[in-house]
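The lines below spell out each chain.
There are 2 protein chains.
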Amino acid sequence: MPSYTPPVDDMQFLLHEVLQVARADIPGYGEMEPDFTAAVLEEAGKISAELLAPLNAVGDAEGCNLENGVVRTPDGFKAAYGQMCAGGWTALDADPDHGGQGMPYLLHSAVGEMFASANMAFNMYQGLTHGAISALQVHGSDAQKATYLPRMITGQWSGTMNLTEPQCGTDLGLIQTRAEPRPDGSYAITGSKIWISAGEHDLAENIVHLVLAKIPGGPEGTRGISLFLVPKFLPDAEGNPGERNAVACTGLESKMGLHGNATCAMRYEGATGFLVGEPHKGMRAMFTMMNEARLGVGLQGYAQAAAAYQGALDFACERLQGRALSGPANPDGPADPILVHPDVRRMLMHQKSLVEGARALVFWGAELIDRANRAQDAQADALISLLTPVIKGFLTDKGFEATVLAQQVPGGAGYTRDLGLDQFVRDARITMIYEGTNGIQALDLVGRKLALDGGQAMRDFFDMVKAVVKTHADDAELKADFLDPLKAASKDLQAAAMYFVAEGVKKPENALAGSSDFLHLFGHVCLGLMWAKTAAAARAALAEGRGDAGFYETKLATGRYYMARHLPATRLHLARIETGADTVMALPADRF
Amino acid sequence: MPSYTPPVDDMQFLLHEVLQVARADIPGYGEMEPDFTAAVLEEAGKISAELLAPLNAVGDAEGCNLENGVVRTPDGFKAAYGQMCAGGWTALDADPDHGGQGMPYLLHSAVGEMFASANMAFNMYQGLTHGAISALQVHGSDAQKATYLPRMITGQWSGTMNLTEPQCGTDLGLIQTRAEPRPDGSYAITGSKIWISAGEHDLAENIVHLVLAKIPGGPEGTRGISLFLVPKFLPDAEGNPGERNAVACTGLESKMGLHGNATCAMRYEGATGFLVGEPHKGMRAMFTMMNEARLGVGLQGYAQAAAAYQGALDFACERLQGRALSGPANPDGPADPILVHPDVRRMLMHQKSLVEGARALVFWGAELIDRANRAQDAQADALISLLTPVIKGFLTDKGFEATVLAQQVPGGAGYTRDLGLDQFVRDARITMIYEGTNGIQALDLVGRKLALDGGQAMRDFFDMVKAVVKTHADDAELKADFLDPLKAASKDLQAAAMYFVAEGVKKPENALAGSSDFLHLFGHVCLGLMWAKTAAAARAALAEGRGDAGFYETKLATGRYYMARHLPATRLHLARIETGADTVMALPADRF
Numbered sequence: 088m089p090s091y092t093p094p095v096d097d098m099q100f101l102l103h104e105v106l107q108v109a110r111a112d113i114p115g116y117g118e119m120e121p122d123f124t125a126a127v128l129e130e131a132g133k134i135s136a137e138l139l140a141p142l143n144a145v146g147d148a149e150g151c152n153l154e155n156g157v158v159r160t161p162d163g164f165k166a167a168y169g170q171m172c173a174g175g176w177t178a179l180d181a182d183p184d185h186g187g188q189g190m191p192y193l194l195h196s197a198v199g200e201m202f203a204s205a206n207m208a209f210n211m212y213q214g215l216t217h218g219a220i221s222a223l224q225v226h227g228s229d230a231q232k233a234t235y236l237p238r239m240i241t242g243q244w245s246g247t248m249n250l251t252e253p254q255c256g257t258d259l260g261l262i263q264t265r266a267e268p269r270p271d272g273s274y275a276i277t278g279s280k281i282w283i284s285a286g287e288h289d290l291a292e293n294i295v296h297l298v299l300a301k302i303p304g305g306p307e308g309t310r311g312i313s314l315f316l317v318p319k320f321l322p323d324a325e326g327n328p329g330e331r332n333a334v335a336c337t338g339l340e341s342k343m344g345l346h347g348n349a350t351c352a353m354r355y356e357g358a359t360g361f362l363v364g365e366p367h368k369g370m371r372a373m374f375t376m377m378n379e380a381r382l383g384v385g386l387q388g389y390a391q392a393a394a395a396y397q398g399a400l401d402f403a404c405e406r407l408q409g410r411a412l413s414g415p416a417n418p419d420g421p422a423d424p425i426l427v428h429p430d431v432r433r434m435l436m437h438q439k440s441l442v443e444g445a446r447a448l449v450f451w452g453a454e455l456i457d458r459a460n461r462a463q464d465a466q467a468d469a470l471i472s473l474l475t476p477v478i479k480g481f482l483t484d485k486g487f488e489a490t491v492l493a494q495q496v497p498g499g500a501g502y503t504r505d506l507g508l509d510q511f512v513r514d515a516r517i518t519m520i521y522e523g524t525n526g527i528q529a530l531d532l533v534g535r536k537l538a539l540d541g542g543q544a545m546r547d548f549f550d551m552v553k554a555v556v557k558t559h560a561d562d563a564e565l566k567a568d569f570l571d572p573l574k575a576a577s578k579d580l581q582a583a584a585m586y587f588v589a590e591g592v593k594k595p596e597n598a599l600a601g602s603s604d605f606l607h608l609f610g611h612v613c614l615g616l617m618w619a620k621t622a623a624a625a626r627a628a629l630a631e632g633r634g635d636a637g638f639y640e641t642k643l644a645t646g647r648y649y650m651a652r653h654l655p656a657t658r659l660h661l662a663r664i665e666t667g668a669d670t671v672m673a674l675p676a677d678r679f
Numbered sequence: 088m089p090s091y092t093p094p095v096d097d098m099q100f101l102l103h104e105v106l107q108v109a110r111a112d113i114p115g116y117g118e119m120e121p122d123f124t125a126a127v128l129e130e131a132g133k134i135s136a137e138l139l140a141p142l143n144a145v146g147d148a149e150g151c152n153l154e155n156g157v158v159r160t161p162d163g164f165k166a167a168y169g170q171m172c173a174g175g176w177t178a179l180d181a182d183p184d185h186g187g188q189g190m191p192y193l194l195h196s197a198v199g200e201m202f203a204s205a206n207m208a209f210n211m212y213q214g215l216t217h218g219a220i221s222a223l224q225v226h227g228s229d230a231q232k233a234t235y236l237p238r239m240i241t242g243q244w245s246g247t248m249n250l251t252e253p254q255c256g257t258d259l260g261l262i263q264t265r266a267e268p269r270p271d272g273s274y275a276i277t278g279s280k281i282w283i284s285a286g287e288h289d290l291a292e293n294i295v296h297l298v299l300a301k302i303p304g305g306p307e308g309t310r311g312i313s314l315f316l317v318p319k320f321l322p323d324a325e326g327n328p329g330e331r332n333a334v335a336c337t338g339l340e341s342k343m344g345l346h347g348n349a350t351c352a353m354r355y356e357g358a359t360g361f362l363v364g365e366p367h368k369g370m371r372a373m374f375t376m377m378n379e380a381r382l383g384v385g386l387q388g389y390a391q392a393a394a395a396y397q398g399a400l401d402f403a404c405e406r407l408q409g410r411a412l413s414g415p416a417n418p419d420g421p422a423d424p425i426l427v428h429p430d431v432r433r434m435l436m437h438q439k440s441l442v443e444g445a446r447a448l449v450f451w452g453a454e455l456i457d458r459a460n461r462a463q464d465a466q467a468d469a470l471i472s473l474l475t476p477v478i479k480g481f482l483t484d485k486g487f488e489a490t491v492l493a494q495q496v497p498g499g500a501g502y503t504r505d506l507g508l509d510q511f512v513r514d515a516r517i518t519m520i521y522e523g524t525n526g527i528q529a530l531d532l533v534g535r536k537l538a539l540d541g542g543q544a545m546r547d548f549f550d551m552v553k554a555v556v557k558t559h560a561d562d563a564e565l566k567a568d569f570l571d572p573l574k575a576a577s578k579d580l581q582a583a584a585m586y587f588v589a590e591g592v593k594k595p596e597n598a599l600a601g602s603s604d605f606l607h608l609f610g611h612v613c614l615g616l617m618w619a620k621t622a623a624a625a626r627a628a629l630a631e632g633r634g635d636a637g638f639y640e641t642k643l644a645t646g647r648y649y650m651a652r653h654l655p656a657t658r659l660h661l662a663r664i665e666t667g668a669d670t671v672m673a674l675p676a677d678r679f
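Chains A and B, in that order, give the protein sequences.
Its first residue numbered 88, the first sequence is counted upward by one per residue in my numbering.
Its first residue numbered 88, the second sequence is counted upward by one per residue in my numbering.
These aren't lab readings, by the way, just hints derived from the structure by calculation.
Among the hints, a few may not be true.
As the list claims (entries may be wrong) - Example chain A residues on the side facing chain B (calculated, C-beta under 8 Å, incomplete):
| id | residue |
| --- | --- |
| 1 | V95 |
| 2 | Q99 |
| 3 | L400 |
| 4 | L412 |
| 5 | D505 |
| 6 | L506 |
| 7 | R546 |
| 8 | A636 |
| 9 | G637 |
| 10 | A651 |
| 11 | R658 |
| 12 | T666 |
| 13 | A668 |
| 14 | T670 |
| 15 | V671 |
To be verified - Listed below are the simulated DSS-like cross-link pairs for lysine-lysine, each with C-alpha atoms no more than 30 Å apart in a straight line:
| id | chain 1 | residue 1 | chain 2 | residue 2 |
| --- | --- | --- | --- | --- |
| 16 | B | K232 | B | K165 |
| 17 | B | K578 | B | K593 |
| 18 | B | K594 | A | K566 |
| 19 | B | K566 | A | K594 |
| 20 | A | K368 | A | K232 |
| 21 | A | K553 | A | K566 |
| 22 | A | K566 | B | K593 |
| 23 | B | K578 | B | K553 |
| 24 | A | K578 | A | K593 |
| 25 | A | K133 | A | K165 |
| 26 | B | K566 | A | K593 |
| 27 | A | K578 | B | K574 |
| 28 | B | K578 | B | K557 |
| 29 | B | K553 | B | K566 |
| 30 | A | K578 | B | K578 |
| 31 | A | K574 | B | K578 |
Note that CB positions come from ideal geometry on N, CA and C, so glycine has one too.
Input sequences plus hints: build the corresponding full structure.
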């Protein structure tokens, strides 16, 4: 089974040398000094490696079991969950007014990567709770906050999101779950929900469901959807779990992976629910959760790749097959470690350069969220709104691809369950689907986000690229290896955006047929930008003679791989986009 | 669970309109008239759809079980195997001198695609036997052929390939299994083999293992390897299964997929083996099996994609979510089928154009094998030798990618086991690994095949491309949509080959760092060539007003998608190749 080595050094480098967080003008960032973040990251890393990673294969093998309406999580999950709560990890970035520690979302994300790499299925129990906390924080009443937030922040109670029904997932206008008003101001919720992650389990003493439903007589479609809070146990006068509510888990999905997390079918039979926010404004409230969840899913995608890479690397260093072209690297052994072979290195560099670039992008995205929320920065808010579908879609598609490549390194051993790499592939696969399939992310990006506010956020992004290129224009090496390729890729992105502007009005299908390619094109430019910034930070450290020169040289070499071998994909995506919808839409439905 | 619709029309089109087999100057092809092949394909299709496909999910769920040395295959496999044997499907292209039906390998391949689409794990039991038959046919003694071939051809006995050992897979020079000569001319085989597909099972009354081992005192490395025939039961004087040989299955691998096929660890304890061919020439004999097996694996790759596509398409036609941009397609329903959405179409066209192009390539490859074997055509032999790693590597990488895309179409439902699409992903995954990982295919292509005979086969390939472009140069529509893109892609392939010639001698790592990209570049040009030929055949039929015009229009539209949206990837692969080994080999081993 794979062991897990927390990437504390890389995270510290990103926080303090690339993002320079302690100097950022964001309330609360001042405390984020290197010693402080190192202490948090090291402790989280220890838990990840020692407590969570060993339970990952257990969760995969055992899965969850439903008996008489009760879901049992895999052996060891309950004890580990208790330790996570006791250690305050569920409260890291939560509101101090309700018992949270008030740290930046950025630190929560860094810690979250480790937890997700070590055990994605386990970490989702608290991940869903985190999303529910955010939604209540923004849209809940003071009374709801007072009752629910403190218990959710400690992890004593957990949370869920209930959107999908058997007849609708993406098209939420079709939901049928009803909320009938009662005289006491509560609602009777009736309906069936499916694919509810952590919908029922034995880790927490209560489960707080956030449920989309329609109040009879409201508007048609998504404009008639409201959000309700439906606790598994109704809180009594002291706020402790009281009467059992009329909500039950009626089945568990049998899935390709993510076995340690209970994916539940839920049945509401006139369950007592409480309106969150205004009637018929449920979609807005749900999007608060969903945007955060989408960033979290992008994180999961590369976190699986990060963990899989470690397993592939271990194998490549230990397995002896063949000899290096340049002469034996292990002359006393029967053969050389396969790490000497160019194609094995290609696979590893492909993963490594993706994972480290992705980490930089997610950290930057988390900083933008902090800037938007803590410094009320509207520009940062618009930018992260634009980047959210890119982070979700690109990092999960590429993260999955990287787990497949990691599994390829050991050959046959990668296909057996013993090595554990197949679990990362199977677990990562869901990240391309849930919280909106990646096709929906692309639609959101091209059909909605791109044009928001006259395309201002997109222009802001291009300005940032230009600023980075300009700032370092005098560094000839940085220019050749990083800035010129970034400029070329950014030009491809601009050409694609222009194509959509020109064609989108004439024939919207021409934009939508290229939406997934656009998302990938944008993703590559984002990672190109991250690598340019990373390389600049590494060059600065080398110039100043700071720290471990080998670390910075490695960063530069890894970035050069990305720029040389990943980034040229922008040209392919642009070429596809510019062919428009003709070849995509040509066939009559009965000729497929 | 997915149903399976045999692609008989497409196969008939390929055989008779693209390849025009009945007119090919290959012995035995004269009988391949449309009515005859249609009858065979329809019967094979019926068995695939009605007998094999329903057992696919059963095999996945039950897997194989080892108890007291006996492997039980999943429920229904034994009866189905009996029906396959009784129907003569194991004997289709086998030598009539030993009871075979003597049909072309091409027809065996067409039938094999259906069997593999319907139930890949099941079909491998007879697939391995087919490979063992081929090896014995070429390298076995007359006595060995007389004893073993008739029983293997009927499927009464099955076959295996035993190469891998715990300490070596790719690097067979390291094998430790010993073959000690005995006075009676037989050998005592001792050693451990792993990952032996169909190494033990309950389908056949005897299992004929072909085993690589070293005769003590022979040359070092791969030059000291010999091939042995080791039957599970030693034939008695009448050739019936007699004494149990000292070979046993000691364990089954727990794998990501392919659960219906037993992947065995085998232990040979002084088992009686018989030399096949000459001592120390085992690698040559094994390559007879392996080349055929590699083509068969390429076929499996796209066959999984073909089956997965059907499942995705069914879902896309039935699932109602959202509305078409161009106005409701299903105005009386609550929403339109998701097939109306451009990104869903993109995913389906991506799969469809790949699968149909891949089918054309494998059919052409099978025809080359027939031409080489039946017409002793050395040029065809050299060409299929060059194309074998491309067919194996490209069609399994892209086939897997297509199964992942098929699983994406239904979103969450694709991730559940109920829909059955995840099995195609998990089963297809092994095709990128076994019979030589795709990295090894790329190494074989660039390090060996490309330069064989001074690069003659590569030149022959380019000549074929040029000939197709020239033949149809006057067809303006064909030129714009198919020939010009093919020419551009072929130019990229030439540039890559030139780069390897120029750099390969100076710095071989520059060639090997680009080997996987070269394999993909080559694969795309092959499929571009297939689509150009396919389009020309469709245009001819339309011009003559033959048959179902909609079928030919669909072919052209599907081909246009390939040329517009798949083929431009050649540019990306070339760009990567031309960056050489620098970024790939830059890191010291301890900095990964």
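Which of the stated hints cannot be reconciled with the structure, identified by number in ascending sequence? 1, 2, 6, 7, 8
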